[in-house]
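Undergrad: The opening residue of the sequence shown carries number -15 in my numbering; numbering runs sequentially from there.
Simulated from the structure, these hints should not be mistaken for lab results. Treat the hints loosely; a few may be bogus.
[Stated by the list, open to error] Okay, the calculated beta carbon distance ranges per label pair: (1) Ala18 <-> Ser290: 50 to 56 angstroms; (2) Arg184 <-> Val111: 53 to 59 angstroms; (3) Arg184 <-> Lys263: 30 to 36 angstroms.
In this text the structure is predicted, and so the values were computed from the model without any measurement. For each residue, glycine too, the CB sits at the ideal point set by N, CA and C.
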Amino acid sequence: MQQISADAVLQEFRSKVTGNIVWFIAGTTLLLAAVQGWMGHWWQTLMILVAGAIAAAVAWQYRGQRIPTPWRVVLMVVLVSITVMSIEKNGSLGVYWSYPLLITAFFMFRGVLAVLVGAVIGALVSVTVFMYMPLADAWRISATLAVIWGFAFIFVVMLGQMQTLLHKLVITDTLTGLENRHRLTEYLRKLIHKYQRYQRPASILMLDIDHFKALNDKHGHLFGDQMLKQLAERLKRSIRSIDKLFRIGGEEFMVVMPETTLTQALAAAEKLRHAVAEKPFAGKDATVSLTVSLGVAELAAEMTWSQWINQTDTALLEAKKQGRNQVSQVPTGMPTHDRI
């Protein structure tokens, strides 16, 4: 079953939002061009038509994709030029377009870039109104633009913080603080790409707490949660800085090890097994000894991420079958079961 990473989902959402805004700009500008043509303002009609044509072409070319930043900048430059020209020709009537233009900047761009683009638009419009309008009107218009920019700035900062938090919640296991399966597949794909391009080895190991259900039945699920948190901390202290630790199920964890052969991975798995078994785990109401079973698999040519995981899971099942509290790899010729 194909899985889509959280990063891909977020990027797809952002692409759709930006694309819809550009389509809306295209439709609105083309409609305004028709109105200006009907009024006989041919120069303004031409400028607005250019903006509409650029917006429509960009939206069509990058439909369903992320619109490159340079194209978004070009579109905003054209729209700002039209607004400045309208203020010069029409005075206060042209100012009205500066407000939706300023808001558009905060939807077309993200973070610091959105703030900077909004500030540039506000500054250019303010200079224009001071040049072509009475001072009493100009400072009021500039002040309202500054207020809108300030509110938009607060909105962008809060939205960015919220997106960061939501993204973290999606990819993080709330109990242990480890990354979960949403990030795992993306990371495995990167290692597969690196293997295919540079033939760099990589291995993964999957481990499962032995008899964890019996532990929960005896001491309760809250106690079991304490054990999972302590196990995650002990595992993190026992792996290399380049390794990645994931919680992929109830009592299942996975360690992804780049630049690691099968022999090295088996040694690392034995180290983790000893790290878990050598010292008891102290919970709130009891102290218990835990053991883990581990399965190991090295990435091979033409292997997909799901096949890689399935092979590791088959090795884990073999370790359990052989009596638990041990490390296993898939024996040669043994078929792997399809878990994904």
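Undergrad: Are the hints correct? Go through all of them and say.
TA: So, going through the hints one by one against the coordinates:
1. Roughly 53 angstroms separates the CB atoms of Ala18 and Ser290, a value that falls within the hinted 50 to 56 angstroms.
2. Taking 53 to 59 angstroms as the suggested C-beta distance range, the pair Arg184 and Val111 conforms, at roughly 55 angstroms.
3. Take Arg184 and Lys263: their Cβ atoms lie about 34 angstroms apart, and the range 30 to 36 angstroms holds.
In terms of the numbered hints stated before, the structure departs from none.
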